[in-house]
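Chains as they are written, first to last, in this note's numbering: chain B, 1 to 643; chain Z, 1 to 327.
FYI, nobody ran anything at the bench for these hints, they're computed from the structure. Every residue, glycine too, gets a C-beta built ideally from N, C-alpha and C. Hints are not guaranteed to be accurate.
[Claimed, not checked] To give a feel for the contact side, a few chain B residues facing chain Z, derived at Cβ under 7 Å:
id	residue
1	Ser363
2	Ala380
3	Gly477
4	Val506
5	Ala538
6	Glu539
7	Val558
8	Asp559
9	Tyr562
10	Leu580
11	Leu587
12	Ile590
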Amino acid sequence: MQTTLQNPASLSEQTPSRLVSFWRTFRKSRTGVIGMWMLGIVIVMAIFAPLIAPYDQSSSEFVGIEDIYNPPNAEHWFGTDDAGQDIFSNFVYGARISLIVGFFAAFISIIIGGVFGLVAGFFGGRWETFLMRFTDIMLVIPDLPLMVVIVALTKPSLMNIIFVIGILGWTTTARVVRSQTLAVKSRKFVLRARAIGADKRHIVTRHILPLVMPILVVQAVLAISLAILNESALAFIGLGDPSALSWGQMLNYAFGRGAMSAGAWWALFVPGFGIVWVVLGLTLLGQGLEQVLNPRLDTHHLMPGRPIVRDEAQAKPDSSSALLEVRNLSINYVNDGKAPARAVEDISFTLKEGELLGLVGESGCGKTTLMLALLKLLPAAGQIVGGNVFYEGRDLTTLTEDEINTLRWSGISIIFQGAMNALNPVRTVGDQIAEAIIKHHPEQSRSQVLGRVDELLELVGIAASQRDNFPHQYSGGMRQRAMIAMALACNPKIVIADEPTTALDVMIQAQILELLDELRKKLGLSVIFVTHDLGIVAELCDRVLVMYGGVTAEYADVDTIYNSAKHPYTQELLKAFPDLTKPKKKLSSIPGYPPRLDDLPSGCRFAPRCPAAFERCHKEQPLVQSVGSNEHRASCHLLEASK
Amino acid sequence: MSTEKFLEIRGLKKYFEAGRPSLFSRATNLVHAVDGVSLTLRRSEVLALVGESGCGKSTMALLLMGLEDPTEGTVIFEDRDITHLNDGQRKDLRKKIQMVFQDPYESLNPTQTIGEIVAEPLLVHGMADTPDRDERVKKALEDAGLKPADVYLGRYPHELSGGQRQRVVIAAALVLEPEIIIADEPVSMLDVSIRAEVINLLADLRIKRQIAVIFITHDLGSVGFFADRVAVMYLGRIVEIGTMLEVLESPQHPYTKALISVIPVPNPRLRHERTILQGETPNPIDVPSGCRFHPRCPVAVDACKASDPPFIPLTKTHQAACLLLVK
Chain B
1 MQTTLQNPAS LSEQTPSRLV SFWRTFRKSR TGVIGMWMLG IVIVMAIFAP LIAPYDQSSS
61 EFVGIEDIYN PPNAEHWFGT DDAGQDIFSN FVYGARISLI VGFFAAFISI IIGGVFGLVA
121 GFFGGRWETF LMRFTDIMLV IPDLPLMVVI VALTKPSLMN IIFVIGILGW TTTARVVRSQ
181 TLAVKSRKFV LRARAIGADK RHIVTRHILP LVMPILVVQA VLAISLAILN ESALAFIGLG
241 DPSALSWGQM LNYAFGRGAM SAGAWWALFV PGFGIVWVVL GLTLLGQGLE QVLNPRLDTH
301 HLMPGRPIVR DEAQAKPDSS SALLEVRNLS INYVNDGKAP ARAVEDISFT LKEGELLGLV
361 GESGCGKTTL MLALLKLLPA AGQIVGGNVF YEGRDLTTLT EDEINTLRWS GISIIFQGAM
421 NALNPVRTVG DQIAEAIIKH HPEQSRSQVL GRVDELLELV GIAASQRDNF PHQYSGGMRQ
481 RAMIAMALAC NPKIVIADEP TTALDVMIQA QILELLDELR KKLGLSVIFV THDLGIVAEL
541 CDRVLVMYGG VTAEYADVDT IYNSAKHPYT QELLKAFPDL TKPKKKLSSI PGYPPRLDDL
601 PSGCRFAPRC PAAFERCHKE QPLVQSVGSN EHRASCHLLE ASK
Chain Z
1 MSTEKFLEIR GLKKYFEAGR PSLFSRATNL VHAVDGVSLT LRRSEVLALV GESGCGKSTM
61 ALLLMGLEDP TEGTVIFEDR DITHLNDGQR KDLRKKIQMV FQDPYESLNP TQTIGEIVAE
121 PLLVHGMADT PDRDERVKKA LEDAGLKPAD VYLGRYPHEL SGGQRQRVVI AAALVLEPEI
181 IIADEPVSML DVSIRAEVIN LLADLRIKRQ IAVIFITHDL GSVGFFADRV AVMYLGRIVE
241 IGTMLEVLES PQHPYTKALI SVIPVPNPRL RHERTILQGE TPNPIDVPSG CRFHPRCPVA
301 VDACKASDPP FIPLTKTHQA ACLLLVK
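Okay, chain B solo, but in the shape it has when bound (with noise of 0.2 Å):
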């Protein structure tokens, strides 16, 4: 038994190391490089402070009366202070200062929250207890007057600053490093490494800490500027270390000893503004990087594609006959710089009043990407690059955003996959579905919207009683139920269920199957089913589509597709079916994985792991032609062989 990689040309690249990708990723958040960069001059600044900076900060030689206060000049770039200092190399130096109080007090803050935060993660219990609740009262404590408090107590050295900022600034910290460690600790690898016998040291260093770490960076980055505002903010109370010359020092000396009177503005806005750009650099590459390592910030955008261009005039349905008619339909994923990605090529069916359809195919063949297109629900990345999609006679390609909003739910809904796990956990499910009658019938009265909720999910198996429950009330068979009340609301004509029945058991699944069998008879209702499990197809379905990598591999009625397949991979795909009335039969399976859309293979898209293939069919992409009668169609090269 052998596999291969998904993408044979990635065999050669070698996968880059973390550190590599992430550099990669980072590169491309403008927020970020920005604040690296301003962050980037400063400690450049502070290390070559005695290369950067004119004069020498202890030295008063020549310094004269006539020095103070000077505005900015030729020799003194940012002016002179009030003991005639060049302040522009009392920036130089402060800068060091600034920073070293920054980075020491963020990483006493950081161990300590680190520690106290996976602690109570990760042990939970009584030290989860304890250490949240000294977490809580410390929050609560205004960190600043305590600060002052303790500082004024203790000899004001820069140590003690450090410290008593690192020791209070922990909190935060714990807090996000706690929740972190326990959403880590809640995933399955961490089952699995208990399973094969790891003791806790091993787990936290090799799975929690790794996974913790980013969040980790992100709010270092956050606590450095925050031990830099607070040291400001001591100093300039008069509670820095006077031995130590930082910008909010020099801010202090400044408004003491009467800049503001004399009128020199430079002796405040200099330090002033070297605060401001460290702490704005800091916060703009904690932005950027936070963007980078926590993935809960990825957006997807669920847009309406993009307006095609197109010079055909209108183009008319075929048939008349048909509710639903897609006509070589083609859909492109625009990838920048590459080429685009063909998801979906020339695909064509028709769906009749009553007709129930079923979209089959492996993961990522193109199933889900069709469907939204038929409601122009694309990603912003998608195109409808060919073809027409029918509805009554109306092409939905060539329809305005509004006018296929309103069509939307009214005409063609879609119970999306997953999106029973995805209701809403605070609102009742009730609310959930008049939601979505609210929307298209705005006119209606509350007691209106509440009847047809309450009819709706009797309609789908649900007592009205169950219509102020919460969806954690519902089971996973209630919720699914509940979804296709939800995609009913509106009286469409077609419902696409896509995978409706994945997550769940045997018996709730054939419930389900039960039910949109039931809603087809007695609404007539047309269906389109997408699912990867062809056992399902054939309990239900009366015509079938079998995508492979984007492109129709056949097309027929339900019992050709099970009793004279044309296609090599409709083929292989029944034999790799469990088939109960022959339980000794072992099951063959189909060699390899599909392509990747953005990496297809040069002829036949199924070639490389189908059995029959032939020397054409690695070079040449076959057509979709009609095999017989009765619609059947598929994209073989052995069809033309055979005729």
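Go by the hints and put chain Z onto chain B.
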């Protein structure tokens, strides 16, 4: 195949506490997740444990792995009582009993490479420095069907497909050369076309390495070719157990019959009447009186509400717990 019993489970129970029925009540609600299960497993045997969600089959897996502590009952492995062991005592045992989890997307740490994942069990068991470590890792990967192993070592889980990830999980379980693999719904998250591959892989391993497999699934349809014996669970108990052919071809318990009737048959000409049980598995806090299955049973009689049916031996290997089978 030897007939020696090497894993024996007797009267295993696991009750979870689930809060109090009301604020002022002292007693706590108990979830009867596993409620008296007895089973034996022979060396290199494949036993399928089948049932709907909430029947306690996954809890069974956690109990056998020692990831949950049983409330009652004993588990005996190679003549040693392993019911209550602490982590230290269990560590050696873990080399012999490994688990494959349901969700290959969740059960791999995204920050580890495939090589690190498969080598991790060796590291945990202090075998990371042995000279044959790399050999073992590669052999496990290749036995799990990931050939050539070198290609996969440096990759991360997100670069692999679901089927490949499940093979990595299996490779990580194989690297310690276990005697039992407990597979909890190993194929339910995979495409049908990939399921056959993973099942065939487990079947091959059992022949090549004499590994016994406890195959936990909700889909009776997937156990056909692979399992030697099938145990059907309902609400914490086994209701029918027998050889694969006995259970699939002449099921005796009405629950087993219903489960078999809803398995999709991949041929529209064989569409048949299905016994679709209404509702779902009852809440294991309030277990129904008498036979647990009676509220959903299509053939229940009055007596079913009152008495808990005993196991009725039907053949030497086939037993079912249903009052209607009492002669």
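Inset, instruction - Hint by hint, work out which the structure violates, then give me just those numbers in ascending order. - result: Per hint list: single violation, 2.
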